[in-house]
Amino acid sequence: MDAAAGVRNRKNKVASQKTDKKQQHGEKETEEHSDTLIKKSIEQLKHLDEKINRDSGDGESAPDTPPPETAPDDASTASTDSSTPKKDTSSPKPQKKSKMGASTAMAKAPPPPLELSLRLDGMSITLFLLSFVTRVWKLDNPKGIVFDELHYGKYAGLYMQNTFFFDSQPPLGKQLIALAAYLAGFDGSFKFDRIGTPYDPLVPVSAMRVVPAFFGSLLMPTIYNIMVELGLSHYAGALAAFLAIFDNAMLAQSRYILMEGILMFFGLFGLLCILKLRRFYHQPYSLPWFCCLIVGAISLGACVCVRYFGIFTLLLGVGIMARDFWEMVGDRKVTERQLFGHFLTRAAIFTIIPITIYISTFYVHLSLLYKAGPNDNIMTSAFQASLEGGLASIISNQPVTVVHGSQVTLRHTHGRTCWLHSHDALYPVKYQDGRGSSHQQQVTCYSYKDVNNWWIVKKPDIEELVVTEPQEPIKNGDIIQLVHGLTSRALNAHDVAAAVSPHNQEVAAYIDYNVSMPAQSDWRVELLNPEHTDGYWHAVESQVRLIHLNSSQALKFSGRQLPDWGFRQHEIVTDKIIDQEDTIWNVEEHRYTRSDDKKEREKEILRSEMIPMERKNLTFWSKLYELQYKMLFNNQENVAGHMYASEPLDWLTLKRGVAYWISANSNAQVHFIGNIVIWLSGTLALVSYAGLFIVYLLRRQRACYDLSEGAWNKFCTIGEVFGIGFAVHYFPYFLVDRTLFLHHYMPAYLFKLCLLAAMVEHGHDLLAGYLKAPRLAKIYLGGVGVWLASILSKTKTLEQVRCWVLGPQPSQVIEQEAVLRHETRLISHHLLV
Amino acid sequence: MAQDTPKKSKAGANKSSTSSSSHLNVELTIDKVFMKYRRSESGPVWWGVFLAVCALTAATRFYNVGEPKHVVWDETHFGKFGSWYINRTFFFDVHPPLGKMLIGAFGYMTGYDGTFPFVKPGDSYDGVHYLGMRVCCTTLGACLVPFAFIIVWQMTQSLPAATLASSLILFDVGLLTLTQYILLDPILLFFIMGSVLGAVMFHAQKHRPFHPVWWGWLVFTGFMLSGSVSTKFVGLFVVLYVGLHTIASLWELYGDLSNPLSLVGKHFLARAVGLILLPVILYCVYFYIHLTILCKSGNGDGFYSSAFQSQLEGNSLYNASMPFELAYGAEVTLKNARTGGGYLHSHIHLYPEGVGARQQQITTYSHKDFNNKWLVKKWNEEPGDWEDDDPTELVKNGDLIRLEHVPTGRNLHSHREPSPVTRRHHQITGYGENGEGDVNDVWRVEVVGGEEEEVVKTVIHKLRFVHYLVGCALMSHNKQLPKWGYEQMEVTCNPNVHDPNNLWNIEDNVFPNLPNSSFEIYAPNFLEKFLESHTVMFQGNSGLKPKEGEITSQPWQWPINFKGQWFSAIDGFKVYLLGNPIIWWGNLVVLAAFVFVYVYQAYRRQRGVSDDRQTKERRERTMSACGWLVLAWALHYLPFYAMGRILYFHHYFPALLFSSMLTGVIIDYLLESLPSLVPQYLASSVYPALTGLFYSTLIYSFYLFAPLAYGMHNLDPTFENSTVHQIRWLDSWEF
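Protein chains in written order, with full-length UniProt numbering: chain A, 1 to 833; chain B, 1 to 735.
Keep in mind that the hints were calculated from the coordinates and are not lab data.
Distance windows between CB atoms, simulated:
no., chain 1, residue 1, chain 2, residue 2, range
1, B, Arg645, A, Leu776, 49 to 59 Å
2, A, Ile578, B, Val285, 49 to 59 Å
3, A, Asp534, B, Ser732, 28 to 38 Å
4, B, Phe370, A, Tyr431, 16 to 26 Å
5, B, Ala58, A, Leu649, 49 to 59 Å
6, A, Asn162, B, Leu350, 43 to 53 Å
7, A, Leu776, B, Asp256, 30 to 40 Å
8, A, Trp565, B, Arg424, 25 to 35 Å
9, A, Leu649, B, His207, 39 to 49 Å
10, A, Asn162, B, Asn541, 44 to 54 Å
11, A, Ile779, B, Leu250, 35 to 45 Å
12, A, Ala659, B, Leu527, 40 to 50 Å
13, A, Trp565, B, Ile281, 54 to 64 Å
With the C-beta cut set under 8 Å, the calculated list includes, among others, these residues of chain A facing chain B:
no., residue
14, Trp326
15, Val329
16, Gly330
17, Arg332
18, Gln561
19, Arg568
20, Asp579
21, Gln701
22, Arg702
23, Ala703
24, Leu735
25, Asp737
Using N, Cα and C, we set each Cβ at its ideal position, and we do this for glycine too.
Using the sequences plus the hints, can you model the full thing?
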């Protein structure tokens with residue numbers, strides 16, 4: 001970067017010498033009021049010169065690009081040529097103080113009150129309509145569950161039913177779809193069980209699918225405007241949007257209930273807003289300036305709320321903004337105070353707004369989903385208790401304070417869900433590695449609810465295993481024993497190496513706690529949050545550590561599994577490192593022992609029954625905290641070796657697609673695969689950009705300036721936005737451990753697509769401008785036309801596969817099959833080439 | 001112990017020489033010398049300080065170097081590797097060979113005979129010549145300090161900065177501990193620092209390009225680079241660093257329009273030869289030596305292909321005396337033919353519940369083991385005894401056979417159940433009793449590229465075993481089974497018959513009734529061996545994943561010195577690897593300070609604020625030195641975040657070296673800048689006072705924590721006067 005900056009700097013110096021005279025000339029005119037276009041352009045030049053001149057003062061400062069005052073206005077419609085920029089309020093007013101400048105500008109041309117000016121961007125609208133038509137056409141085909149609709153449809157259904165679910169991605173996208181489903185009157189009763197299941201007529205498939213289709217269509221004008229905003233021609237902008245519209249992968253991704261369309265729209269729209277901000281460089285704190293900043297923050301925040309990977313788009317946006325800010329630092333007309341103000345405003349808007357959006361989506365999420373559902377088990381007891389009919393069913397009318405004689409189940413609070421467990425089996429006398437064990441009854445951590453998870457809390461000095469009158473509540477620091485409910489053996493630990501973690505002590509249930517042995521079965525109760533419960537041990541709420549009295553070690557879930565003899569349940573040990581998460585437990589189910597008779601007691605335990613009840617309240621913040629923790633640190637089961645999984649490297653060449661849906665009774669299928677021509681051209685554009693950049697850089701270092709300063713700056717800006725955008729959306733996947741699919745590539749692909757369009761324009765500029773070969777340029781344009789035609793032809797055939805496959809006539813099906821086969825062959829052929 | 005700072009010791013020496021003169025005179029002389037030191041002007045002072053630093057280094061490193069007299073931590077591995085080089089026994093390790101080879105060479109030169117088994121940490125070295133190896137490793141480790149001194153001197157031309165930086169490395173307890181034993185780390189650190197030293201010295205020669213000294217440093221750098229890569233693959237980071245350094249200097253040469261392009265080309269070529277070609281050649285040479293020295297069969301054989309093994313003396317394939325052809329009734333081992341494939345293996349454990357049918361597990365296993373033996377049977381008859389006079393029947397291409405696991409008597413079996421890891425393949429189990437199974441035990445043997453009816457041959461034939469009923473092929477890859485499968489590799493039945501992982505070859509073939517023949521002709525050449533070693537190494541490296549439930553060290557814990565590592569936990573001599581917290585935490589503070597200063601300077605520059613020339617020059621030199629050091633630190637630290645492999649605390653030490661040097665440079669810069677910021681009457685005393693404070697803090701902290709490195713005789717917590725509580729500043733420190 002430094003080297004590049006130096007290069008630009010040098011060029012600036014050269015330029016400044018040439019234009020020094022002009023600058024002096026221009027300064028005299030500063031006070032003059034100028035309206036005409038010519039005068040404006042002179043001023044503009046002068047303004048540029050001022051910047052450049054300042055740079056020649058010391059060799060250090062290196063403004064990368066002049067602020068984009070010269071950027072063409074997007075107000076011009078598709079028919080107008082980009083070379084005639086219309087001037088409106090965004091034209092620069094060279095004043096000593098930019099704030100003043102803004103105000104004088106206002107004073108000069110006061111907007112008539114109540115005037116509404118309506119400008120339509122025909123190109124954007126055309127692109128949107130074209131895209132929307134392709135996306136919604138035959139939207140309800142196929143009438144079956146397509147790929148990840150399985151998940152997102154199911155989540156929408158769960159929203160309808162207010163049932164809690166756990167997903168490791170944030171909820172905004174799912175909420176949008178659920179909203180559409182709600183408006184269409186979906187009741188959520190449909191079971192999304194596997195891909196391909198036909199939809200019930202009651203499921204509003206079209207309504208749900210129209211959400212991604214809508215956002216996916218809005219994406220196209222956004223792309224167009226971003227290109228234009230970066231100083232590229234309207235044709236290049238239209239070309240990029242065109243490529244995106246006619247790419248099969250984009251189409252498939254925004255036709256079904258999937259997140260990518262929404263994700264990409266929010267991301268790119270946020271970037272567009274940030275780029276627009278450059279336009280209002282001289283009118284800071286004006287209304288449009290604030291609009292851009294705030295809408296950008298909202299949009300990028302929403303992007304993160306659709307999928308965590310959106311954080312990279314957000315970072316890219318912040319990066320672009322930081323870069324623009326850095327240029328402002330170089331502008332000495334802006335005082336330090338103003339700089340500080342700018343910094344604060346931007347930082348504040350870009351921290352507060354995304355965080356607010358993020359939290360509010362979760363607020364909606366958690367307030368909507370108040371009923372217990374299928375994957376509650378992941379959450380802690382306290383969380384489950386806050387759900388209606390969840391754990392509340394178990395702990396409903398259970399007593400709160402743990403006393404002598406309480407029957408409890410002890411849950412491992414953090415990490416893996418399991419309960420302290422014992423059963424009628426002993427540790428083997430000798431382990432495989434020759435070590436001996438205590439040969440006492442096994443104590444394990446068991447991941448399922450089981451009658452053997454019940455333990456009775458006992459004070460060492462009271463014999464009867466029944467709740468006494470008056471009750472003996474257990475306080476923080478009390479000494480207790482834990483007696484296993486069904487086998488009546490006490491939890492003990494001793495100086496024997498544990499089965500799988502030999503550096504820890506073994507925990508066992510001792511055969512007969514009545515025999516006078518040295519008390520190894522005494523445990524001290526250490527509450528982690530005694531202040532909530534006045535120091536008493538409460539069920540569910542209290543987090544507790546059990547410290548073995550003799551050895552001062554804590555009861556711990558070791559995370560390892562026992563071998564066959566331990567039924568592959570998890571090992572329980574004591575560990576001398578007390579302060580760790582795996583030593584934290586809490587009482588989940590709890591009731592008082594009523595009968596001292598052993599038989600009666602066992603019967604009672606075996607009869608344990610669940611009754612639904614009202615939910616317990618947990619504050620939003622503690623719920624959010626827990627959910628966040630689980631989402632970010634819970635390693636979900638990896639679907640290793642999925643049939644359609646692919647590697648990041650395969651994406652560049654489109655090595656394989658994903659079969660999204662396969663018809664049960666014909667050969668019809670929806671196959672997610674990109675348009676091979678665009679795909680490979682995009683990769684080519686990426687390589688050629690990198691190559692050209694290096695060539696230009698090498699030439700510039702030897703003082704050969706092939707491109708004009710403006711063209712060079714434009715070329716750099718393209719790389720800064722699209723090249724870096726591609727990189728930040730692509731390379732992180734190399735570090736991801738999860739199973740990856742082709743659709744993860746889509747955001748990166750979008751940037752590649754834009755780069756491709758920009759490179760097409762750059763090629764034309766080179767031919768027409770640098771080589772001065774208008775004829776060659778014409779031929780080049782012809783080539784581009786042929787290339788576009790080939791793209792269209794590819795799109796058409798694949799489109800047939802996707803959309804027309806559902807014809808009921810058998811003959812048509814066969815025809816489709818032929819098309820599909822042909823296409824597959826074509827693709828493999830392309831890959832071979 | 002280290003009582004004196006270099007500065008003071010020198011001052012003291014001066015004092016004694018001028019003891020006859022008056023008090024005033026003495027003070028003047030000390031002041032003079034001190035000013036010379038501060039302004040880095042005089043040659044003798046430079047040498048004096050440098051030698052003092054070297055002397056202190058030697059004193060701290062070699063003090064008690066022979067203690068403890070037992071195996072410490074990973075000495076159990078690297079000592080063993082050294083023995084194997086001396087005994088010329090082949091082994092497998094995930095690191096390249098140079099470091100271990102050097103350890104072997106050190107041992108050989110100092111009279112170690114390679115007989116000590118190095119079984120586990122804590123084994124006493126009774127009558128073993130281990131000291132030579134330790135001393136050699138420590139010597140390499142001790143070089144770090146003078147290297148740092150010279151590097152910082154060259155980067156900043158400031159004697160105080162060089163002294164500060166080298167003393168931060170000198171007084172770090174962690175580095176002291178890590179470089180005192182028979183480990184790869186002292187060697188690796190030596191080469192890394194050597195590479196940076198070379199690069200810096202080479203850069204300093206830029207005023208006389210293509211001079212012999214210039215060439216000398218270029219070759220030196222190349223040599224050091226090859227050494228760091230050939231010791232551990234993390235050495236690649238320093239290669240990257242030196243590469244960036246070189247590109248930057250070439251870019252400068254190229255941008256100077258007075259240099260013709262041909263000259264730039266020459267510069268480029270010279271560097272390509274010295275920094276790319278030379279290290280690559282040296283790397284291959286080290287491997288050549290490695291493969292030549294290790295010519296006897298050892299415990300690493302099983303990781304390599306049958307052809308590779310046939311080169312190892314004592315291996316069953318060496319001068320093999322085995323039947324060339326496969327007969328029914330032969331006992332064989334089957335090796336997966338892909339590079340790094342294991343042996344088809346079974347053991348008396350069942351697949352757990354929920355994982356296919358509860359039948360006996362079949363895996364591949366890289367070690368040679370009794371459980372790898374399989375008996376070849378006809379699909380419909382049991383074989384006779386070898387003593388029988390039945391005519392020997394040979395197995396031909398396309399025959400139907402069964403394979404019986406010799407120790408357990410179960411047949412190789414497959415059925416339509418999902419495989420445990422690769423769910424879309426079919427499960428392979430061991431089924432039946434004493435060789436009696438069912439029809440799902442039948443396999444068809446196919447010789448790849450073989451004629452019909454061609455007899456199956458040992459080693460050279462690549463075989464495919466196709467399940468007769470299901471039509472899938474026996475396959476293995478390097479996906480590991482979970483804990484219940486002892487993390488051995490999964491074996492499946494692959495519906496895609498033509499997968500390259502489906503190929504197997506027969507390695508051992510026991511059948512007394514057939515004549516034995518030799519396998520000498522299949523010997524691979526050096527290049528093949530070289531490539532195969534690498535495939536196996538990378539596979540081994542990627543297999544070093546943290547096991548389920550195991551706590552691994554996290555990169556964020558390292559710079560904050562969160563948790564150390566026990567080196568020796570034997571009562572009476574405990575050694576605990578832990579950085580000097582003053583230095584480590586100080587490094588972090590300075591790093592933050594650097595970022596702040598850097599941003600501030602960049603801001604000033606962007607705003608166009610100009611300074612006087614001298615200040616600017618000094619600032620620029622410091623900033624560029626710091627920039628390179630921070631880059632080196634980041635290159636040696638940040639990539640660990642992206643690594644999936646198991647990580648250890650000691651991986652941070654290369655980065656620490658750069659971080660410490662950065663601290664030296666920055667502190668010197670701040671100390672020099674401070675006098676101009678304080679009132680006039682304080683200005684002259686601020687510098688010496690702060691320098692004194694710095695060194696005394698450093699030395700006191702070293703004194704406090706030195707017992708961790710030199711053995712905690714008195715630190716048993718049960719002792720009355722134990723100092724362990726005083727210095728256990730964090731609860732996570734385990735001593």
